[in-house]
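Following the hints, position chains B, C and D against chain A.
Spelled out, the chains give:
There are 4 protein chains.
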Amino acid sequence: MTINVAVAGASGYAGSEILRLISAHPDVEIGALTGATTAGQSVAELMPHLVSLADRTIEPTTTDILAGHDVVFLGLPHGHSAEIARNLGDDVLVIDCAADFRLTDSHDWEKFYGGEHAGSWPYGLPELPGQRSKLRGANRIAVPGCFPTGATLAMLPAVVHDLVHPDLQFVSITGTSGAGKKASVGLLGSEVMGNLRAYNTAGKHRHNPEIRQNLGAYSTVPVTVSFTPVLAPLSRGILTTATAPLVAGVTAEQAYATYAEFYADEQFVSVLPGDQQPQTKSVVGANMCQLQVEVDEAAGRLVVVSAIDNLVKGTAGAAVQCMNIALGLDEAAGLTVNGVAP
Amino acid sequence: MTINVAVAGASGYAGSEILRLISAHPDVEIGALTGATTAGQSVAELMPHLVSLADRTIEPTTTDILAGHDVVFLGLPHGHSAEIARNLGDDVLVIDCAADFRLTDSHDWEKFYGGEHAGSWPYGLPELPGQRSKLRGANRIAVPGCFPTGATLAMLPAVVHDLVHPDLQFVSITGTSGAGKKASVGLLGSEVMGNLRAYNTAGKHRHNPEIRQNLGAYSTVPVTVSFTPVLAPLSRGILTTATAPLVAGVTAEQAYATYAEFYADEQFVSVLPGDQQPQTKSVVGANMCQLQVEVDEAAGRLVVVSAIDNLVKGTAGAAVQCMNIALGLDEAAGLTVNGVAP
Amino acid sequence: MTINVAVAGASGYAGSEILRLISAHPDVEIGALTGATTAGQSVAELMPHLVSLADRTIEPTTTDILAGHDVVFLGLPHGHSAEIARNLGDDVLVIDCAADFRLTDSHDWEKFYGGEHAGSWPYGLPELPGQRSKLRGANRIAVPGCFPTGATLAMLPAVVHDLVHPDLQFVSITGTSGAGKKASVGLLGSEVMGNLRAYNTAGKHRHNPEIRQNLGAYSTVPVTVSFTPVLAPLSRGILTTATAPLVAGVTAEQAYATYAEFYADEQFVSVLPGDQQPQTKSVVGANMCQLQVEVDEAAGRLVVVSAIDNLVKGTAGAAVQCMNIALGLDEAAGLTVNGVAP
Amino acid sequence: MTINVAVAGASGYAGSEILRLISAHPDVEIGALTGATTAGQSVAELMPHLVSLADRTIEPTTTDILAGHDVVFLGLPHGHSAEIARNLGDDVLVIDCAADFRLTDSHDWEKFYGGEHAGSWPYGLPELPGQRSKLRGANRIAVPGCFPTGATLAMLPAVVHDLVHPDLQFVSITGTSGAGKKASVGLLGSEVMGNLRAYNTAGKHRHNPEIRQNLGAYSTVPVTVSFTPVLAPLSRGILTTATAPLVAGVTAEQAYATYAEFYADEQFVSVLPGDQQPQTKSVVGANMCQLQVEVDEAAGRLVVVSAIDNLVKGTAGAAVQCMNIALGLDEAAGLTVNGVAP
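Residue numbers (the UniProt record's numbering), protein chains in the order written: chain A, 1 to 342; chain B, 1 to 342; chain C, 1 to 342; chain D, 1 to 342.
Only chain A is shown next, with the shape it has when bound in the complex (with noise of 0.2 Å):
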C-alpha cells in the first residue's frame, strides 16, 4: 500500500520534520509540498539537510495542489487550518500540527487564542486511554502541543490512579525550535546561547487548557495547572518538572509500578529504570518520552520528569504515529525509538 502524502508549510520546523520522517517512511509516497512565502524555493536552499528531497520545488498552499492526496499535513500558523480542510474531502486524512482543534471548550479557545473556535477534531495523542479507537479510522486530526505531550504523558497515570491530589505545578525547559524558523531578535542566537528565561509565566501560555484540558478528563475532581515554560540553549528539547500533592499513603514503589504498568504496552513511552532520570539529548530525533516517577517524602509530592523532542513526539513523530494508527498501519512505521546522541 502506498499512500500519497501533501505536507503544507512544509518549509517550517514542523513541516521539514515530517518530511525528514515520511522520507524515511516505506508506505509513503511524498506529493506536494507547499508554502506561502517559501512558494518557488528549493528544498536544497530551505531546508539543506533533507538531501534526498533537494529538487524537490515548494509550491503555494492552495487547495487545488492538496487536493488528491491521501493524506494532508498541515504545518501552518493558527488560523490556517479550518478553511483548507474545509475545502478537502472527507476522503482526504488531514492531520493538523496547529492548534486549531485541539481545545474542546470554546471559552478558552477564545481567551487563550482569540476569534471564533473552528471546533475540535480527534486529539492525537494515543497514549491516552481510549484514545487510538477514536484515532482508527479518522479523516481529521489534531496534534498535540508540544508542551502538552510532556506534561499530560508525566501527569497522565498519577492522575488515573489518584496518586495525587490535582495542583499540578509543571516547569517546562525547551529549546528554541518550539518557536518556529521566524526571524526574532528574542531568538537570535547571540541572545539565546549562554541564556535562560522564563517566558508567558503565571498562566499566560496557550498550552495551559490544553494541559488543563488533557489531565481534567481522567481526574474525578477538578485539575489545578500552574506552568512554566523556560527557554534555554539547545536547538531540540523538552525537559518537564512536574510535581503535585502526593495523596496520603502512596509509596515510591506504588507510584513506580503505578507508572511502568501504565505505559507497559506504549512502545514510544520508557519509564527509565533504576535512579535513572530522562535526558533531552537521548530522545533527539526520536518518537519517544522518557519518564522517571519518584517521591519527595519530605515534601509530600510526586516528582515526575519527562522529556521529549519537541519535534517529533512533540509535533511531527506524533503526527506520523496518528497517520500510522488512522490508516491501519504498524503503528511504528518511519518513526525510531533511538536518538541521536551525544
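Be a bit skeptical, because a hint or two may be false.
The list cannot tell twin chains apart, which means a pair is met if one copy fits it or any two copies do.
As the list claims (entries may be wrong) - Taking lysine to any residue pairs in the SDA-like style, the calculated list, with each CA pair at most 20 Å apart, reads:
| # | residue 1 | residue 2 |
| --- | --- | --- |
| 1 | 111 | 298 |
| 2 | 111 | 224 |
| 3 | 204 | 253 |
| 4 | 204 | 273 |
| 5 | 182 | 200 |
| 6 | 204 | 298 |
| 7 | 204 | 297 |
| 8 | 204 | 186 |
| 9 | 204 | 245 |
| 10 | 204 | 276 |
| 11 | 111 | 300 |
| 12 | 204 | 275 |
| 13 | 204 | 250 |
| 14 | 134 | 218 |
| 15 | 204 | 256 |
To be clear, the hints were calculated from the coordinates, so they are not data collected in a lab.
Just chains B, C and D now, with coordinates in the frame of chain A:
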C-alpha cells in the same frame, strides 16, 4: 587601606572567580594563591583568562602559607574548611565558599552531607533581614550555596510578608560551572551540549535543607520545600522558578509592590519593571539577582523567577560582598551590577 | 540474508553510533556488545538513547565473545585492534575504527603514533578512485579518520584533476565528540561552551600523515599539508576549509564542474548548488559530505568547504558503508542522507 | 577630568558594549544614548544587563542631541557616519565603529561596499607601528573591523620582520554577535546552535581589503590575502588561524622571539608561553588579544593563532582604548585584560 588577601583552592571555578573579582578591587592586594593538585603550576597554565595574574604560581594549601593575610577565601571541597580555619587566628577573616558552616542543624548536616557537623558561621546572604549586622566585623563567614541564593531571594519577601502558604516549589535550571572543574564523563561538553536533565531530584539535593533553613527562619509556620535542579547547556547562570499557594486576597499589584519595597535598598537585587523576565545572560559576571513576581490567578499561585550568575552572586561575588561588609568597606567595591551580554 | 554483527568498544561514541545505525539496518542482527571498563553494565545505563537495545548488557572484549559473528566492528583505542583481528578467523569481516591499520608508511606510524606499525588494511574511503574494488569481498577494513575524511573529500577532485598546486591548507573545525567519551577537564562543558581553541597545531596532529597519504596517492608531484584542527562548542560535526594555489587558467566554472562530475555518482557526497555553503547541522546523523567549491581570484586560490558528521561519514557511517560494500549489500542499507536539523 | 560621552546606536551590540565599558571608566560621564528604531525605549527594556543605566531612555540619533559632548561613539550601520561627523565640530572626538572611514583606497571601498567613498580617518589599531602618534590628539578615529583586528595582530610581526612570504591564509571562526542585533532566520538560535558554516568565502567578505591594507603597509612586496570566515555557535569571540610560507632558515625559536619582542610593551596583546593555545573564552569581556606562534616544518609554514572578543578588542574595547589615547588618558582606563571564564 590595603587588604592582603589569600585564596585557597584558587584554580577551581569559585577560587578563580574570586581572583577575577578581587584583581579589580581597589583595596585588595592579592597574596598567596594555593591549591592541592595544582600546586606548582602557573596561573597562565591553569587560568589563562586571568592575564593580570599570569605570572603567579599556585602554592600548596597549608596554614603557614595562608597565615599572615587579612582575609583568606576558601574555595575547597566540602570538609576541609574547619581545620584550616582553626589554625588561622581570629584576626584573619575567613570566608568559606564550601557548605561546611552553612547549616545550623546538625541533623540536616548529617543527613545530607554525612560525618560530623563542624558548626555554623554567620551566613553570607546580606539581603536576609537583620543579617548585615551579623556580618559587620565578623571574622568567619559561610558563603551561601548557589541554588539557595537564587531560591531564597525569590521567595523571601513572600514568606516574610505572608503572601503565600509556605509550601514552596522550586525548579532551578543551572549552568555546568556549578559542578566544578573536575573531570567527569557526565559533564563532558559532548554530553551537556544540546541536553537537559534533572538530577538529585525528589529532595535528594544537598541544598534542600539550606533553602528550608533560610526561609523557615522568617515563617511563622513550618515551610515545606520541593526543589528540582536541572542541568542545562550553558557555563554560568541559574534561573529559578518559584511558586507557592497564594494567601487569599493577595493581588498581583500587592505582591509586586511588596517585592519592590522589600528590595528597594538592595543594590544587588533588581525587581524588574513591567513584564520583563529575568535572564541569566543579563547577570553574567555581575553580582546581581534579577527578579520578576507575578500572580497566576487560575492556579492560585505566586510565581517568582530569579536569575543569578552562580559563580558571582551565587558564590564569588557574594564572598567579596561579605568581605566588604565585614571590613566596613564600600559594599560594592570590586563588584559590578552590569552583566556581560550578549 | 541476515548478518550477525558484534561491536567491540560498544559504549564509546564510535561504538554507540555504529549501534544506532545497525539497529536500523535491514540485514543486521546485533550480536555481542563488548567493552572494557563498562562490561557488566546495561545499554540503558550507558547509552540511554538506544532504547531499542536498552536491555542488552555489555560483555568483556575477548576473542571468545567476538568470534562466531559475521562482522566485528572495533571501536577501541589505538593499539588494540591487531591482536583481536589476529585471533578472529579470515571468515570474519573486521572493520576497525582506530588508526592502527590506516597508514601504509611505517615511518609515519612511528613518528605520529609511536610503537611498532601493525600494517595496513584496505582503506575504507570508497569515494577514492578505484577503492570500491579493494573493499568488495575484503575481510579487513580500516575506517578513515574523521578529519582525513573531510579533508580528503574536499581536495580530492582538485588533486586528481590538477586544479591546484598541491600545497594544501586545511583548517578543520570540529565538535567535541571526536575526542571520545573520556573524562577530561579540558573537554568539560564549562570549558568548551562559548569557547574556540586550536590544538595539535603546526603539524602535530596524527591525522596529518593520513591526509597526505590519501591525497598524495593521486598527485604527480609531492603534496604538502598544513592542517589546523579547532575545537568548537558543538557535539557533532566537522567543517573543513581547504585552500590551495590555483593552477593558472582554471576558472571557477571549470572547478565547480570538475567537482560536480567527480562526485556525480556518489550518493554520500553532495556538491551544493549555487552559492550554498555546507553546514554541519545539515549532516547530523547522516552519512553525507556536503561540499562547496569556489575560486578566490584575488588570492589565486581554490577554496573548498566540506561538512560531515564526524561520527557518521567520519566514523560509524563509513564503517557501515564499508560493510555493505564488502558484503555486496546495498551500499546505502542502514544509512540515511538526511540530517537531523535544526 | 570628566569626559562627557554620547553613544549613537547605543542599543546595538557594539553600542551596548561601549556602554558596559564606559560605565566602569573612571573619567567618563555618560551623556546621551541615541538610536533609530529604539528611540523612546528604556535601557531596562533593551539592554537588561546594563543595570547601572536601567533608567536611561534612548533618544533619536540627531546632531542636536549628540552635539555638546566631548566624545561621540558611533555604533551605526555603514553609511551613516560621514553626515553625523560633518555636523559635529572639530572639538568633538568622533570614534566610528562602522567601516566608513577605515579604507584608504577608494577602489577597495567601491568594490566591497559600493557607493561613494567617504574618506579615511586615523585607524584605531594602536598596536600598528607608529600608529599611537597618529591617534594622540586625533578628533576622528575609525575603529578597525573585528576580523581585521585578529588577523592583523596575528601576522603583523611576521610581515614587519619578514618571517614569511606574504601569501597569507586566514581562517577566522567567529561567534554570532559580530552579525549584529538584527532579526534574521539564518542567525536564529535554532539555526546556529550545533552548526558550523563558512560565509562570504573566496574573497567576498568586506574585511578582505582592510586586512590587506593593514599588512600591506608593512610589507616590501605585495601581500595576498585569502580569508575565510566561519560562523560557530557562541556569542562572543573570534579565533583566527593564520599561516604563510616561512622564509627559508627562520626557526620556531626565532619566530617566537620575534613575536614576544614585538608585543613586549603592548598590554593588550599577550604572546602565550610554552605550548598554550589561545582560547576565545579566555578573552570574553577583556580588551585582550592572545596569540601563539609556531612553525610547521613539514609544511614550511608559520602558524599563528589569535583570539579576541569581537565586541571588545574587536570593537568596543578598541574604541575606548583609542579614546584614552586620543585624550591622553591612561590607555587602560575602563578596560580589563582579564576574561570572564568559564
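Hints and how they fare:
In this assembly of identical chains, residue 111 and residue 298 lie within 20 Å of each other by CA distance solely across copies; the values are 12 Å between and 38 Å within a copy. Only within a single protomer do residue 111 and residue 224 lie at most 20 Å apart by alpha-carbon distance; the minimum there is 17 Å, versus 34 Å between protomers. For the homomeric pair residue 204 and residue 253, the shortest alpha-carbon distance between copies (17 Å) is at most 20 Å, but the shortest distance inside one copy (35 Å) is not. Taking the shortest Cα distances, residue 204 and residue 273 sit within 20 Å of each other only across copies (18 Å), while inside one copy they are farther apart (35 Å).
Proximity of residue 182 to residue 200 under the C-alpha cut-off of 20 Å is restricted to the intra-copy arrangement: shortest distance 18 Å within a copy versus 23 Å between copies. For a Cα distance limit of 20 Å, the shortest separation of residue 204 from residue 298 across copies, 10 Å, qualifies, whereas the shortest one inside one copy, 31 Å, does not. In this assembly of identical chains, the alpha carbons of residue 204 and residue 297 lie at most 20 Å apart only when taken from different copies (10 Å versus 31 Å within one copy). In this assembly of identical chains, residue 204 and residue 186 lie within 20 Å of each other by CA distance solely inside one copy; the values are 18 Å within and 29 Å between copies.
Proximity of residue 204 to residue 245 under the C-alpha cut-off of 20 Å is restricted to the inter-copy arrangement: shortest distance 17 Å between copies versus 23 Å within a copy. When the C-alpha separation of residue 204 and residue 276 is checked against a cutoff of 20 Å, the pair qualifies only between copies, where the shortest distance is 14 Å, while the shortest distance within a copy is 32 Å. Taking the shortest Cα distances, residue 111 and residue 300 sit within 20 Å of each other only across copies (18 Å), while inside one copy they are farther apart (34 Å). Within a single copy, residue 204 and residue 275 get their C-alpha atoms only as close as 34 Å, which misses the 20 Å cut-off; across copies the closest is 12 Å, which meets it.
In the homo-oligomer, the alpha carbons of residue 204 and residue 250 lie at most 20 Å apart only across protomers (19 Å), although the nearest pairing inside one protomer, at 32 Å, exceeds that limit. For a Cα distance limit of 20 Å, the shortest separation of residue 134 from residue 218 inside one copy, 16 Å, qualifies, whereas the shortest one across copies, 53 Å, does not. With identical chains, the CA atoms of residue 204 and residue 256 are at most 20 Å apart between copies only, with a shortest distance of 17 Å across copies and 32 Å within one.
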